Amino acid sequence: MTFVRPTFRHPQQPANALGYTRKDYEGLISTLCAGCGHDSISSAIIQACFEIPVEPHKVVKMSGIGCSSKTPAYYLDRSHGFNSVHGRMPSIATGANMANRDLIYLGVSGDGDTASIGMGQFIHVLRRDLNLTYVVMNNGCYGLTKGQDSATADRGSRSKKGVPNPFESIDLCEMAIQLGAGFVARSFSGDKQQLVPLLKAALLHQGVALIDVISPCVTFNNTSGSTKSYQYVRDHIEATGTFDFIPLRQEIVVEYDEGATQEVTMHDGSVIHLHKSISGVDVTSRRLALDLLEAERAQGRLLTGILFLDPDSEDTHSILKTSLTPLNHLTQDELCPGAAALDEINQRFR
Amino acid sequence: MSRIEKVNDFVVRFANVNGTGSASANNLFAMAIYRMGVPVTPKNIFPSNIQGLPTWFEVRVSGRGYLARRGGIDLTVAVNGQTLVQDYNEVLPGGYFLYDSTKRLPDDCRRSDLNVIAIPLTQLCNDAFTDARLRQLLKNIIYIGALARLLNIDHAVLTSAINSQFAKKPQLAESNLQALEIGYTYAGEHFDGACGLRVEPLPTRGEAILMDGNSALALGAIYAGATVAGWYPITPSTTVVEAFERYANRYRIEADTGRKRFAIIQAEDELAAIGIAIGASWNGARAFTATSGPGLSLMAEFLGLAYYAEIPVVLMDIQRAGPSTGMPTRTQQSDVLDAAYASHGDTRHVLLFPCDPGECFEMAVDAFDLADRLQTPVIIMSDLDLGMNDHLSPPLTWDDSRRYDRGKVLDAAALDALATKWGRYLDVDGDGICYRTYPGTHPSKGAYFTRGTSHNEYSGYTEDNTIYRRGMERLARKWQTARALMPPAEETIRAAGASIGAVYYGTTAQAAAEAIDLLAAEGLQINMLRLKAFPFGPEVAAFIDRHDRILVIEQNRDGQMRLLLINEGDFPPAKLSSVVNFDGLPITAAIIVEQIRALLSSPDAGGGIETPGERP
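Chains as they are written, first to last, in our numbering: chain A, 10 to 359; chain B, 1067 to 1682.
Source of the hints: derived by calculation from the structure; they are not laboratory data. Hints may be right or wrong, so weigh each one.
If you only want the chain A side, here are some residues facing chain B, beta carbon under 10 Å, derived [to be verified]:
1) 71
2) 166
3) 187
4) 189
5) 292
6) 293
7) 294
8) 322
9) 341
10) 359
A quick note: this is a predicted structure, and the numbers were derived from the prediction, not measured. Glycine included, each C-beta is placed from N, C-alpha and C at the ideal position.
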């Protein structure tokens, strides 16, 4: 398949307050599978950065390894990007952030990259409260290696071979709340209406902001006779009436009213009930947030929206009391104590 | 009764229980001898434990300036009941055994060739001091006082050392001085003239310092302008970062705000530790991590990324005895091959081999310049012996006119001035090194996507075999550039026509030089080459080619440097023989001499990986 993206843009594309058009936030054309939820997230990232607005070159985009981690190539062409190694995005982001506190750090990762190989780095970047927006593109499976269950696949959810996942799933949002992350949200790649404002809030949050985005994998659930076949899913979506019919090459979009509950059958055949955060809930309470997540989970529903927000969270720089001048801007004269000081140091070892 | 009679040439060993404060007392002893101008080498031989296990502290005193561990004990101070008999048996014939006679010597201590000095340390201490915690510490000072008298150590040097150590706690200084006096007086009254070992002051101390290598590395990082350290605690590298923090708190605090011009992140593991250093370096700060063997194993993944994505990073490897957890508190030079080729795929890393604290400092500074210049990891290969023990060393030096070499970095103006399209991995100078940019530099130019996947000259993903191969060949070209930037090996030609050459590096240097002196006294001349870096410069091959036989002296079982030389230098393996010590204790001249004699008496002894014990 060849991908050719038209270079034509409307000559009167609106500019944001910084004078950039949406095009200035775009990246290369995606090479992910047509209809992949991740592409919707990339698009939401572009939209969020355009709308805030941020200067594209002041964003640093980082990732690990996997389908999700390829996406930084598909947005923000004017930003430096770092596609690191599997599960290690948080440490690269930590170092980069320590070097220059003035940039905006956007990390994307997948469920394998975060909940399995990168679990250690994930939980510690949360503890550290690094000023980082951490987006998990969560599809419950390993796409690039062709569909193995991941650690966020729900117990009983069926893999492409029809074998129910026998293991307990990891809820990244619950973990993040427990570990002290100051901004924890869950969303759905098909829900741009919710995702864009969430991303904007996360990018502007001081400290770590986790958004766990459920992002369906369209490719590995299409074997004939399987309940996870394209046909089965399409039928199910139609049956629930929550999706319009979506051809494989388009994105899946779901829209619903504020406060409403939505049952969505994912491409892997598992059923997710989506509904917005219940109005009146105190998202600043860690304990209530955990209670609510558990309560909704017990009912088989997946809660989305902002789950927890700590308005007083401190980021790593503020914890460490580092200079307000980015460390990578400091000059040799500010950093090197010089020969006279070294003479004194030598004297202490005599 | 035989008696060892020596002036400024002996070894004292302290046998203590760890966690009893003996280290500071024993260091006081070494410092006093150093301040008398007599070259001294303290070695702490300690357990991987915090409290209650045996620990030894060996001090070699050498008026001739030999600084390696010597082996053999002339005088033991035995205050650990657990090892008392072993300590008793290990003293050389004619040597001295000072023990705490509050408890009597076990019945099986019946050597007739030993001079026993019985001092009731516990009794003396308990009679003078009431505080239980202080008693434990001051008992150590009492034996230092006794030694001062027995060995003729300058009393004033000790008292001034104590006074400066406790400058902020005069009350403690007083008790310490009192304890010193108790030991001194007791030894004078009961053992006057009982010891044939003496320290006599020398006028030669000059500018030398007595310092541990880890502090010197930390200072090197401070002077090089490192601002970010990612680390995970691991013996024996922990004190590098602790020292870095100490000096940073002294020299890197903003006067007006009290804020820090550095960030130290204690990571969750070594994977993250080096990831942090790489992320920071990528973003234009100077950053480093410090670790030891087990950490190096974990860091291999990221070293491969930094090599291939061409990100500068400085790694300080304070080697310890492997494999696996090995002996965490014993020394070795056994990470050489692992470090040189760390990570999968075709990788090669720049290594630096410091041999003393002065060089630790210098090489740490150089490492940051080299990493920036070459855009690749630079690994400093220290070891536990160098890192954690105090070493007599030339002072640390800094030239205020020296400027950091940040390598090929384009700023906004440089990007605007470019006539042709910039490519992150485009080699425009032909040296294999390309131009990089820092994030946030320019609104529309210079952004690129860093990746460990195969990439073209413009950092775009590619699976094109030609482009991939071109990139790998350029990295090989960069390696050739690196070769010319390394500090050259240090050659010492002792006899122009000598047919044997010795090659060694790092902490093996002192013992090797001493061994070669000993062999020269027997009429065997050996030329010397001390390696300072990998990749090897042309001087290394020239030295090896000029000799018929090469002895590679090092501290690991398999002769890793020998293998690296053979692999990289295309030398006939049989020409290079291994001389090794790998028992976890620092190599000695005696070990080297013995092995060289055995090698040279066997006509066909070539290289190989057999252990020295199995040699004919």
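Consistency of the hints with the structure:
With a least beta-carbon distance of about 8 Å to chain B, the hint placing residue 71 of chain A at the interface is held under the 10 Å criterion. With a cut of 10 Å, the hint placing residue 166 of chain A at the interface with chain B is violated, because the nearest CB-to-CB distance is about 29 Å. Look at residue 187 of chain A: its Cβ only gets to about 16 Å from chain B, farther than 10 Å, so that hint breaks. Using the Cβ-Cβ criterion of 10 Å, the hint placing residue 189 of chain A at the interface with chain B is not satisfied: the shortest such distance is roughly 15 Å.
Using the Cβ-Cβ criterion of 10 Å, the hint placing residue 292 of chain A at the interface with chain B is not satisfied: the shortest such distance is roughly 28 Å. Below 10 Å, beta-carbon pairs count as interface contacts, and residue 293 of chain A has none with chain B, the closest being about 28 Å; its hint is therefore violated. Taking 10 Å as the C-beta contact cut-off toward chain B, the hint placing residue 294 of chain A at the interface is violated, the least distance being around 28 Å. For residue 322 of chain A, the shortest C-beta to C-beta distance to chain B is roughly 18 Å, which exceeds 10 Å, and the interface hint is violated.
For the restraint placing residue 341 of chain A at the interface with chain B, the shortest Cβ-Cβ distance is roughly 5 Å, inside the 10 Å limit, so the hint holds. For residue 359 of chain A, the interface hint holds, the least distance from its beta-carbon to any beta-carbon of chain B being 6 Å, beneath 10 Å.
The structure fails to meet hints 2, 3, 4, 5, 6, 7, 8 from the earlier list, while all remaining hints are met.
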